[in-house]
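Residue numbers (the numbering used here), protein chains in the order written: chain B, 1 to 264; chain G, 1 to 395.
It is worth saying that the hints were derived from the structure and are not from the lab. Here the structure is a predicted model, which is why all the values come from computation and not from measurement. Check before you lean on any hint, since a few could be wrong.
[Said to hold, decoys possible] Pair ranges (Cβ atoms, derived):
id, chain 1, residue 1, chain 2, residue 2, range
1, B, R108, G, G200, 22 to 30 angstroms
2, B, I74, G, G200, 30 to 38 angstroms
3, B, Q78, G, R195, 30 to 38 angstroms
4, B, N131, G, G200, 21 to 29 angstroms
5, B, Q186, G, I27, 56 to 64 angstroms
6, G, G200, B, G148, 55 to 63 angstroms
7, G, F147, B, G148, 52 to 60 angstroms
8, G, S2, B, Q186, 47 to 55 angstroms
9, B, H135, G, Y223, 50 to 58 angstroms
[What the hints assert, rightly or not] Chain G is nowhere near these chain B residues, computed Cβ spacing over 12 angstroms in every case:
id, residue
10, G15
11, H28
12, G103
13, I124
14, A159
Cβ atoms here follow ideal geometry from the backbone N, Cα and C, with glycine treated the same way.
Here is what each chain is made of, one letter per residue.
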Amino acid sequence: MKPLLQIESMTKLFGGVHALEEVSLDLHSGEVVGVIGHNGAGKSTLMKIVSGALRPDHGRIRIDGETVTLDSPIRAHQLGIEMIFQDLALLDNLNATENFFLGRELTRSFLGFRWNDAQRMQTIAKEAIHNINPHFHRFRTEVGLLSGGQRQSVAIARAVHLDTRVLIMDEPTAALGPEETEMVRQLVLRLKKRALGIFLIGHDLQDILRLSDRIVAMRGGRVVGTVEAARASEDDLLGMIISGKVPAAALPGPGAVTLDQEKD
Amino acid sequence: MSWHDVLRTLDPRHKRLLALGASLVVIWVVFDLLSGGLFFSPRNFYNLAVQSSTVALLTVGMVLVIITRNIDLSVGSVLGLTGMVIAILQIEVFPAAAGWNWPLTLAIGLIAGTLIGLWQGFLVAYVGIPSFVVTLAGLLIFRGLTFEISQGQTFSPFQAGYRIFGGGQQGSLGEAASWIVGGVALVVLLGALARRLRSGEASLPFTLLGGLFASALTLFMIYQFNAYDRPRTDLGYGIPSPLLLLTLAATWIGLFVNRAPVGRHVYAVGQNLEAARLVGVPVRRVVLKVFALMGLLCAVGAVITTSRLNAGTTNLGTLLELNVIAGCRHRGRFPRRRPGLDPRGHPRCLCHPEPRHRHGPHRGEQLPPPDPHRIRPHRRGVGRPYRRPQVLRSP
């Protein structure tokens, strides 16, 4: 089966520093790929490139086998790539509905100008957010005044609307209590059934092991190795992150650089 | 229900708006007492309306500039330059007798102002130079250009048709038309209030108090404008044209801020530039548009000022930027639609676009008990962490 998203030899330089060096990665639909690594390993840089927020210096991204240019977040949205940022990227001075549609407001024409279609946006946002969190009711309050879980609901609902195909979750459970973490877990399973491809970035190896199908470890801007979550242990992951040691059960394929090759 | 109970049920933002209205009345009464009764005279109200229209008009744009966390120090100079361009073209370059002269020069002036705004917006948004630097340079450059193209001369007089914008004898509506315009404005205003009452955005006491105040003020002002008679007649001036221009511009821009996507984008950019960019707001284009609007408003201000003065002089709009920025009343910090901060204007600029403010809960909304772990908003000046200003840069 053709992968939904292919990242090919992605390279990104910040000044003279290689934030990413020849990183390749595949994502199939209905698959959860965990991305782990130290701070500064290049996880976030890679995901920012996929979500259109950064432009790579070198490398290609294919969707359904076709090369695409991701030159802006808007373009990424059009292609069905959504990201839930670690800080959620919500605008505190706007309410839930306004945040939900920010940057892609539904409009209608009147007197030759585009005006907000407030009614329609309200209805759709309400339905989408209730889908994620049935208890949410404060649609007219600025999100800056909402609780952490409520804010998360808004951010998730915004990212998983109907045409989303690739979802990137940057540490989705880092700031949440146990109950809300469970909610996110259920959500990931539900989205998998909808055939979304999901990148899951995180530091909680337990969580990553439980939720992912495959796990990719990054170190110093390179992919250390890819393992199947079912056949890997927490120690295997730690070994990859800390010392770049690839376990015996690692999968071959794009990005699976062994330690020996790296030395060359 | 006692007076205190009514006040307590009012939404803080509504209370603030009513307090603004009340303070306006207090200021007027104090000045009336200090001037020995001269303040409450038709002539004073008429002149006051004409004079503050330009400032208020520019304030409408400046509020938006400040919401995006920028500043425009060049408004006075841009006004001076566009005014001078109009004056020289109309009086020196094009034939004085031609009927197409003043409409054409007017259009050129408006285009010139917009272009200047676009240029400064481009430098801020796309090149990434701080707006303070860009517009401070603009303040000097455009004033210098005004002297350069005029060689220090004053140009006068304008065509008769052009003078309708200045609020003088040709520039007012007359008594009957003023009552009609006032009536229409009141109907629109009360309609908007009633709609907010129905949708739950405004409470009944606010609607009643606000409606009463707005109606009284409108009728009072029109009465005063009509009571100011043209020389050697008993025909009243009526509403001055600058005030009409201001009302139309403020209404139109207010509609955009509240009901078009770009309004939300302006607030998003001001709140968190990076987050806005990441979710797909075209942040640079938003800033560009805001500066372009500011330039256009400067040109409209130039039309009013030159038309009123019936001359183009080199010192038009000098130090105007200070009045305009003061009119924004940003309380030492940039408005971010948070409790205690709002971009509404000074009492004398009561006609600002009024973005919907959502401070606190809405009527009938149940607030959850306060979360003890929540980090409380910092009080002004108390341990507020310094945040590096965000610079617009391409990724």
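Hint check:
The beta-carbon spacing between R108 (chain B) and G200 (chain G), approximately 23 angstroms, falls within the hinted interval of 22 to 30 angstroms. At roughly 34 angstroms, the beta-carbon separation of I74 (chain B) and G200 (chain G) lies within the given 30 to 38 angstroms, and the hint holds. With their beta carbons about 35 angstroms apart, Q78 (chain B) and R195 (chain G) fall inside the hinted range of 30 to 38 angstroms. Distance hint check: the CB atoms of N131 (chain B) and G200 (chain G) are about 25 angstroms apart, consistent with the given range 21 to 29 angstroms.
Hint check: Q186 (chain B) to I27 (chain G), Cβ distance near 60 angstroms, so the stated range 56 to 64 angstroms holds. Checked against the hint of 55 to 63 angstroms, the pair G200 (chain G) and G148 (chain B) fails, with Cβ atoms roughly 27 angstroms apart. For F147 (chain G) and G148 (chain B), the Cβ-Cβ distance of about 58 angstroms falls inside the hinted range of 52 to 60 angstroms, so the restraint holds. One distance hint, 47 to 55 angstroms for the beta-carbon pair S2 (chain G) and Q186 (chain B), holds here, with the actual separation near 52 angstroms.
For H135 (chain B) and Y223 (chain G), the Cβ-Cβ distance of about 55 angstroms falls inside the hinted range of 50 to 58 angstroms, so the restraint holds. Against chain G, the non-interface label of G15 (chain B) holds: every CB pair exceeds 12 angstroms, the least being about 14 angstroms. Here H28 (chain B) stays apart from chain G, with its beta-carbon at least about 26 angstroms from theirs, past the 12 angstroms limit. G103 (chain B), annotated as away from the interface, has a beta carbon of chain G within 12 angstroms; the closest lies near 3 angstroms.
With a least beta-carbon separation of about 15 angstroms from chain G, I124 (chain B) lies farther than 12 angstroms from that chain, consistent with its non-interface assignment. Its closest Cβ contact with chain G, about 10 angstroms, brings A159 (chain B) to no more than 12 angstroms, contrary to its assignment away from the interface.
Violation of the numbered hints given earlier is confined to hints 6, 12, 14; the remaining hints are satisfied by the structure.
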